[in-house]
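**Student:** Given only the sequences and the hints, what does the whole structure look like? Please build it.
Protein sequences, first through last, are from chains A and B. Quick note on my numbering: the first sequence kicks off at 21 and runs consecutively. Quick note on my numbering: the second sequence kicks off at 407 and runs consecutively.
Straight-line distance between alpha carbons at most 27 Å, and here's what the computed DSS-like set of lysine-lysine pairs gives:
| id | chain 1 | residue 1 | chain 2 | residue 2 |
| --- | --- | --- | --- | --- |
| 1 | A | 124 | A | 90 |
| 2 | A | 124 | A | 58 |
| 3 | A | 36 | A | 124 |
| 4 | A | 23 | A | 124 |
| 5 | B | 415 | A | 58 |
| 6 | A | 58 | A | 23 |
| 7 | B | 463 | A | 58 |
| 8 | A | 124 | B | 415 |
| 9 | B | 463 | A | 124 |
| 10 | A | 90 | A | 58 |
| 11 | A | 23 | A | 90 |
| 12 | A | 58 | A | 36 |
| 13 | A | 23 | B | 463 |
| 14 | B | 463 | B | 415 |
Looking from chain B toward chain A, a few residues come up when the C-beta cut is under 8 Å (computed):
| id | residue |
| --- | --- |
| 15 | 439 |
| 16 | 448 |
| 17 | 449 |
| 18 | 462 |
None of these hints come from the bench; they were simulated from the model. Note that this is a predicted model, so its numbers are computed, not measured. Virtual Cβ for every residue (Gly too), placed ideally from N, Cα, C.
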Amino acid sequence: AQKVTQAQTEISVVEKEDVTLDCVYETRDTTYYLFWYKQPPSGELVFLIRRNSFDEQNEISGRYSWNFQKSTSSFNFTITASQVVDSAVYFCALSGNTPLVFGKGTRLSVIA
Amino acid sequence: DSGVTQTPKHLITATGQRVTLRCSPRSGDLSVYWYQQSLDQGLQFLIQYYNGEERAKGNILERFSAQQFPDLHSELNLSSLELGDSALYFCASSVVSAGRYTDTQYFGPGTRLTVL
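**Tutor:** What follows is the structure, encoded as structure tokens:
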């Protein structure tokens, strides 16, 4: 069965600090996709990134970067120079031959 | 704005009642997915429809049902409601689903259901 583990339930940082959100996954599929979604206090789920299992290149988008390591089944998310607007719950998710499976989420609080 | 719309935004009802949640997918998306988000269970996949046909079922209770209409909008029907059904219900859509779930799913704003 597919499983996503986000071991960090809550993280609190001071503005401008860098923060890394961890995601570890389990799957038997040889081809699969990994996702990150953001859920701000307003409640909607916002898509951030999709990565397929054959592409282990790290990705950077502005202050956001993602590190995919197949050897450790991890897909970690780093926010550089965090801002108050980054405060949200972040979900890592996995799909392949079965529908999306989400982790429990990490609540990030960025304090001014 | 993801392009997925859901109505109503909030719904308050009593135990034993029946409600219908509505979702319109992004233009061009054929697949619609329903999810339930609760504090204890997290985000759980309920059911998927693709171009009007049921494609996959997750942890959906027998009291819940869904359908997708010819115009591709979808409705989730929840009946004999219990206190534990109180949750945020999301609809998501994606372009295609040819037996695999590799497309990005874009989520609507959700419907918050409160059962009193």
